[in-house]
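Q: Chains as they are written, first to last, in the numbering used here: chain A, 2 to 287; chain B, 28 to 394; chain C, 8 to 271.
A couple of the hints might just be wrong.
[To be verified] Restricting the straight-line Cα-Cα distance to at most 20 Å, the calculated cross-link-like pairs of lysine to aspartate or glutamate (EDC-like) are:
(1) C:Lys-99 with A:Glu-8
(2) B:Lys-97 with A:Glu-8
(3) C:Lys-41 with A:Asp-131
(4) B:Lys-353 with B:Asp-316
(5) B:Lys-133 with B:Asp-98
(6) B:Lys-132 with C:Asp-62
(7) C:Lys-100 with A:Glu-8
(8) B:Lys-97 with C:Glu-169
If you're looking for bench data, these hints aren't it; they were derived computationally from the structure.
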Amino acid sequence: MKKSTKERLKQNAPAVPILVYLILLVGIPLLLVVLLSFFSRDSLGNIVFELSFDNYKKMLDPVYLRVFFNSFILAILTGLISLIIGYPVAYFTAGLNRKSRSFLILLIMLPFWISSLLRTYGWTILLGKDGLINNALIFLRIIDKPLNLMYNFGTVLTGTVYMLIPYMIISIYNSVDKLDRSLLEASYDLGGSKLKTFFKITLPLTMPGIARGYTLVFIPALGLYYISDLLGGGNTMFLGNLINNMATRGRNKPLASAFAIGMILLVLLVLFIYSKVSKNSKESLL
Amino acid sequence: MKEQLLSLKKVNKFYDEAHILKDISLDIKDGEFITLLGPSGCGKTTLLRCIAGLESIESGDILLNGESIKDLAPNKRNVNTVFQNYALFPHLTVFDNIAYGPRIKKVTKEDEIKVKVDEMLELVKMEGYGDRMPHQLSGGQRQRIAIARALINNPDILLLDEPLGALDLKLRKYMQTELALLQKQTKTTFIYVTHDQEEALNMSDRIVIMNEGRILQVGSPRDVYNNSNSLFVADFIGDRNIKEVEVVERKEDFCSVKLGKSIIDIRTDRSMVKPNECDGKVYLAIHMDKMKISYDKVDNSLYGEITFVHYAGSQIRTEVDVDGEKVTVIEYQNDYDNYRIGDKVYISWEENGAILLPKEDIEKRGN
Amino acid sequence: MNTKGSKFRTFYLSLFFVILYVPVLSVVLYSFNKSSSTAQWTGFTFDWYLQLFNDRVIFESFKISMVVAIITSTVSAIIGTASAVISSYVSKKVESAINGVMFLPLIIPEVALGLSLLIFFTELNLTFGVPTLVIGHSLFCVPYIYFMVQLRLQEIDSSIIEAAKDLGASSWQIVKTIILPLVIPSTLTGSLLAFAMSLDDVIISTYMAGPTGTTLPVHIFSMMRTGVTPKVNALSTLFLLGTFLLIGLNQTIGRKGEKFYEEN
Chain A
2 MKKSTKERLK QNAPAVPILV YLILLVGIPL LLVVLLSFFS RDSLGNIVFE LSFDNYKKML
62 DPVYLRVFFN SFILAILTGL ISLIIGYPVA YFTAGLNRKS RSFLILLIML PFWISSLLRT
122 YGWTILLGKD GLINNALIFL RIIDKPLNLM YNFGTVLTGT VYMLIPYMII SIYNSVDKLD
182 RSLLEASYDL GGSKLKTFFK ITLPLTMPGI ARGYTLVFIP ALGLYYISDL LGGGNTMFLG
242 NLINNMATRG RNKPLASAFA IGMILLVLLV LFIYSKVSKN SKESLL
Chain B
28 MKEQLLSLKK VNKFYDEAHI LKDISLDIKD GEFITLLGPS GCGKTTLLRC IAGLESIESG
88 DILLNGESIK DLAPNKRNVN TVFQNYALFP HLTVFDNIAY GPRIKKVTKE DEIKVKVDEM
148 LELVKMEGYG DRMPHQLSGG QRQRIAIARA LINNPDILLL DEPLGALDLK LRKYMQTELA
208 LLQKQTKTTF IYVTHDQEEA LNMSDRIVIM NEGRILQVGS PRDVYNNSNS LFVADFIGDR
268 NIKEVEVVER KEDFCSVKLG KSIIDIRTDR SMVKPNECDG KVYLAIHMDK MKISYDKVDN
328 SLYGEITFVH YAGSQIRTEV DVDGEKVTVI EYQNDYDNYR IGDKVYISWE ENGAILLPKE
388 DIEKRGN
Chain C
8 MNTKGSKFRT FYLSLFFVIL YVPVLSVVLY SFNKSSSTAQ WTGFTFDWYL QLFNDRVIFE
68 SFKISMVVAI ITSTVSAIIG TASAVISSYV SKKVESAING VMFLPLIIPE VALGLSLLIF
128 FTELNLTFGV PTLVIGHSLF CVPYIYFMVQ LRLQEIDSSI IEAAKDLGAS SWQIVKTIIL
188 PLVIPSTLTG SLLAFAMSLD DVIISTYMAG PTGTTLPVHI FSMMRTGVTP KVNALSTLFL
248 LGTFLLIGLN QTIGRKGEKF YEEN
């Protein structure tokens with residue numbers, strides 16, 4: 002059925018307020034970030050409206066490249082460790098009876114609702130110089146001086162994994178749960194061992210969940226600056242901290258914009274890879 | 028005669044490139060129980076949806092009480108639909124579901140609505156269920172509520188889209204009787220869509236047989252059952268032996284045809300196919316359950332050897348090889364229920380059980 | 008199931024959940040410790056809670072957080088639900104355009120998002136405070152509710168809509184009597200989530216707060232960065248209690264909503 006232009010306009014007219022809302026709050030601000038990334042600022046922090054690629058050239062400075070690299074590695078490792086720790090959790094949970102299953106799912110989802118600052122802060126209590134772990138180790142006479150557990154890359158990684166692992170578990174759980182159990186039985190029936198069945202059937206079939214989980218963990222891991230602030234103590238610089246520092250304290254919004262663009266491009270790259278990987282499955286990221 | 032309630036005039040419908048309804052013309056009188064019967068994908072549900080206004084048509088016209096309704100939105104047509112999966116509103120009670128139509132139209136007062144809803148609940152034998160939620164009802168009960176919800180609006184026509192499809196066999200048979208009764212009681216015109224010939228034959232005043240977007244035959248259940256007008260209808264309705272035969276001689280009211288080595292006479296006076304249409308090769312279609320096996324020679328019969336006997340409850344299904352042609356006979360258990368494979372037997376049939384069909388028909392069948 | 012495997016399963020799951028909750032529980036535990044250091048447990052006390060209630064700054068920031076969260080969740084519920092319903096009526100092309108842009112705030116890291124709004128509002132010369140906080144939080148809350156309601160809309164059997172049409176309902180009547188009642192549970196769950204996210208947000212709040220809009224998380228964050236006293240623990244514990252209340256509420260709504268759909 003062909004629709005006239007008038008009918009189509011009438012049908013789509015209600016979308017106008019939504020589009021205005023989205024253009025105003027998403028479109029224009031992001032466009033400004035793009036624009037600003039080509040400007041610079043004077044010594045007072047005022048923006049100089051002169052087009053240049055200076056900000057992007059600065060990004061290629063080894064000091065800044067290092068920051069990109071740190072963030073990238075942090076995000077990759079966060080995804081990887083979440084996957085390694087989270088997969089068995091999801092897999093085992095899916096194998097339980099209905100009641101325990103829904104209870105454990107509740108336990109996994111609960112942290113989403115708990116203040117993320119509280120959850121981060123909990124680790125400073127555990128890992129601090131006079132924290133619980135050091136106290137316990139000293140008490141047990143395993144060490145006699147407190148270990149330096151805080152303020153390094155590993156601490157930040159622990160914090161991001163802790164913060165984001167529920168996303169990984171839930172999305173893997175959803176795909177394990179959807180798995181046709183009769184396929185596994187068929188494989189056992191055909192003489193496949195448990196391990197073989199896992200690697201030949203379960204793992205490939207839950208790949209969409211893994212890809213989805215990895216994406217959901219990777220993206221926020223790039224930007225959660227309060228974790229690296231509280232647990233990393235500024236010893237390692239990450240993209241989030243850098244942008245935040247430049248935008249607020251450094252008063253260099255143009256450079257912050259350029260880095261934000263770099264960060265968004267990194268996210269889009271990950272999404273692009275995700276869409277390629279999960280082309281066959283209809284899983285949406287949400 | 029009274030004017031037609033609903034007239035379809037050369038209705039055509041396309042989905043993109045696919046031609047779903049092809050020149051559908053049909054007249055329906057007030058108070059009729061009409062069934063649209065056909066295999067899935069024949070266009071019967073689409074036709075129903077076009078009448079309801081849920082689909083638009085590309086050409087032709089639909090007249091209700093003599094006025095065109097083809098451009099009216101569904102909410103402006105005085106026809107109501109009972110959907111295949113009932114489509115009860117899950118968040119409303121049974122009462123509110125039934126009251127939905129009158130409340131939306133805002134012409135009836137709430138106390139009158141209450142009276143009407145109670146009447147409807149009584150009509151479908153669901154008194155006292157008003158406060159239930161749809162998910163608390165069984166399939167059959169939901170069905171009744173769906174019917175009540177439609178009937179409360181006093182529609183000119185009630186459209187029913189395979190309403191019994193989701194019920195189990197026993198309940199389905201029971202509901203067939205109920206529906207037929209309800210139709211007589213309310214004197215509402217029913218247009219009923221189904222792919223189940225038994226439903227169609229049991230309930231309808233008239234059956235419309237459709238295939239590939241076309242109407243093939245319109246007639247009473249008896250008519251379409253006995254006097255199928257085409258190979259497709261003959262094949263679709265009832266269980267028939269369908270054989271290609273050669274016309275030997277044409278007479279006023281019968282044809283002599285040759286099947287294997289036997290020459291048999293088939294009456295053509297009652298058939299839709301006139302003798303002058305019988306030429307050269309034609310198709311012979313005989314209802315399996317209107318045939319009879321006997322060991323003694325009978326006039327106008329086929330002769331062959333039993334190759335297979337199957338007892339299925341009250342029926343015996345016997346396959347007989349007639350000069351290389353397999354003929355199946357279905358009989359209710361009788362004295363001769365001791366058929367043995369290899370027995371030589373004669374097969375006769377009731378005269379109205381056999382018809383001849385023109386050959387070119389096979390092209391229309393499409394396979 | 009072999010017992011060795013199932014023992015390992017129990018062990019692994021237990022270990023995981025202990026580690027998942029130990030950081031949270033230790034925050035709670037030390038809110039009752041007399042000593043302000045975690046070095047040792049010197050006895051049980053409610054002092055930190057008392058100190059908390061006498062802290063005007065915390066009280067002010069708590070008030071701001073609550074106001075922002077309430078307005079944000081309400082506004083987002085309305086915009087998100089309306090957008091989802093409207094997008095189900097417009098053409099496929101327009102719908103996927105809306106979906107695409109709605110998706111952006113969910114995938115772009117908050118730092119970049121916050122920065123973009125900071126730049127925009129600075130250019131507009133807006134005063135930062137509660138209104139900008141609400142707008143900032145709505146930016147990511149609206150899409151959540153939008154997609155949740157959209158998911159629910161897709162689950163609605165199209166024949167239910169057709170039935171309403173068939174019974175004489177106009178488009179607007181269908182929205183009012185069928186669609187909205189069916190999506191409201193999703194809207195409520197979504198706005199509770201929005202409430203929790205707004206209450207918890209640190210990053211966008213930092214950009215949107217200005218001098219008058221310090222929310223509780225922004226304040227806590229600065230407390231954590233400077234000097235930490237168990238007051239922070241006490242505050243976090245209270246927050247946790249509030250969270251559990253919210254979850255309880257969510258579960259009740261969720262259960263009520265599910266009832267209709269069991270058979271759908």
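Q: Hint by hint, note whether the structure agrees.
A: A quick look at each hint next to the structure:
For a cut-off of 20 Å, the pair hint linking C:Lys-99 to A:Glu-8 stands: about 14 Å separates their Cα positions. Restraint check for B:Lys-97 and A:Glu-8: satisfied, since their Cα atoms lie roughly 18 Å apart, inside the 20 Å limit. The straight-line distance between the Cα atoms of C:Lys-41 and A:Asp-131 is roughly 15 Å, inside the 20 Å bound, and the hint therefore holds. In summary, the hint linking B:Lys-353 to B:Asp-316 is supported, as the alpha carbons are separated by about 15 Å, within the 20 Å threshold.
In summary, the hint linking B:Lys-133 to B:Asp-98 is not supported, as the alpha carbons are separated by about 23 Å, beyond the 20 Å threshold. Between B:Lys-132 and C:Asp-62, the direct Cα distance comes to roughly 60 Å. Violation of the 20 Å bound is thereby established for this hinted pair. Distance check on the hinted pair: C:Lys-100 and A:Glu-8 sit about 15 Å apart at the alpha-carbon level, within 20 Å; holds. Distance check on the hinted pair: B:Lys-97 and C:Glu-169 sit about 17 Å apart at the alpha-carbon level, within 20 Å; holds.
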